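K.L.:
Protein chains in written order, with the working numbering: chain A, 1 to 207; chain B, 1 to 207.
Since the hints were derived computationally from the structure, they do not count as laboratory data. Where hints are given, some of them may not hold.
In this list, chains with the same sequence are indistinguishable; a pair is considered to hold if it fits within one copy or across any two.
Claimed, not checked - DSSO-like mimics (lysine-lysine), calculated; alpha carbons at most 27 Å apart, straight line: (1) Lys190 to Lys205; (2) Lys190 to Lys170; (3) Lys31 to Lys175; (4) Lys101 to Lys34; (5) Lys101 to Lys138.
These numbers come from a predicted model, not from an experiment.
2 protein chains.
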Amino acid sequence: MDLISDLNQLKAADLYIAAISDDAIADLSQKLPKDICLVHTSGTVGMDVLSRQSKRGVFYPLQSFSKNHDVRFDQIPICLESNDTETMTLLEQVAHKLSKKVVHIDSPQRLELHFGAVLVNNFTNHLYALSQNHLKNKGINFDLLHPLIEETTRKALTIGADSAQTGPAKRGDFKTIQRHVNLITDQQLKEIYNLLSDSIRNHSKSK
Amino acid sequence: MDLISDLNQLKAADLYIAAISDDAIADLSQKLPKDICLVHTSGTVGMDVLSRQSKRGVFYPLQSFSKNHDVRFDQIPICLESNDTETMTLLEQVAHKLSKKVVHIDSPQRLELHFGAVLVNNFTNHLYALSQNHLKNKGINFDLLHPLIEETTRKALTIGADSAQTGPAKRGDFKTIQRHVNLITDQQLKEIYNLLSDSIRNHSKSK
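Pulled out of the complex, with its shape left as it was, chain A reads as follows (with noise of 0.2 Å):
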């Protein structure tokens, strides 16, 4: 791969992929030809920030990345979307050698359902952390919980998170609840606790 720092020397190609951040997007837009084909790859920002040019369109890996982290790339849902026929099959040729998964997914549709991945991977992980900083505190090891950490995830895959919906909040176990809140010296904590099981109790009443 040749690594340009000048937009000047851009060589000619099918498809542009701008794997930027979102904000960035709509001023590199402006920076570029139009009459190129420029797709992004974000799940937040509309296809419209491409608007310069007539080819547009989005290329949103349904994924999370971190660094010394590889992941299966034929796994991971790609969420495509054009203005244009042309560019849309050249996006699904692209997409279907990289992974098993294409859908079309317009604009709207996408920020919902980077919202959804928000609550399932970033905040659960965060979730993952508060237990693990808690219980590092005390002299536990995290590793006991690795197991109900892969049975959790597992189980919500196959029977439903709703269906698998356990614990003291779910219950309406008001002790136990009362037990682990006096644990917590964490001011933060202590609201997330509260608001967490309040939900969980909001959502079993409504069922």
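Guided by the hints, dock chain B onto chain A, whose structure is given.
P.N.:
Same frame as chain A, but now just chain B:
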């Protein structure tokens, strides 16, 4: 296995395991003979609730159980506690027949562990349910998030949740956070979104 419904018909045994609801344990202990060896299976109730029995203990399998879903029992950590060496030896023998992971955990530590388990199990599962519910209302297939959920778990267990944290809150990307908040019509979900986003930010600042 013989079933009885009258405690007077209880047969002689080396070990009695009370796998019953937390609130019923103390009462059962009072109704059983003093000279038996009795343990309970609760994560949150102290061993002392069995004070009538001189040989007492706890046999706590650290897993969440659901009807219609089998678990691999040999992977479940079994946390043991006893006031009596002989009873502990017996508990270890039974535990090692069921699982490869047997640990000694006292009552206060077991309660901490149970709290940590609620964060990584009940709360993450509830976030899956909230996400699924939101996307269902928008006509989006939740299955698209399955690979992300699997990857989030795998990554947290390999590189650790702190290193695995990504997303708008971690990046301080307020535009995306605002776009998400604008999607949320449920007031409690909005509170959860804001509180967990704040907590992620505070957590990364304190590193």
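K.L.:
A separate judgement is required for each hint: does it hold in the structure or not?
P.N.:
Status of the hints after comparison with the structure:
In the homo-oligomer, the alpha carbons of Lys190 and Lys205 lie at most 27 Å apart both inside one protomer (23 Å) and across protomers (19 Å), since each shortest distance falls under that limit. When the C-alpha separation of Lys190 and Lys170 is checked against a cutoff of 27 Å, the pair qualifies both within a copy, at 18 Å, and between copies, at 21 Å. In the homo-oligomer, the alpha carbons of Lys31 and Lys175 lie at most 27 Å apart only across protomers (23 Å), although the nearest pairing inside one protomer, at 62 Å, exceeds that limit. Taking identical chains as interchangeable, the C-alpha atoms of Lys101 and Lys34 are never at most 27 Å apart, the minima being 31 Å within one chain and 62 Å between chains.
Proximity of Lys101 to Lys138 under the C-alpha cut-off of 27 Å is restricted to the inter-copy arrangement: shortest distance 20 Å between copies versus 43 Å within a copy.
Violated hints amount to a single one, hint 4; each of the other numbered hints is respected by the structure.
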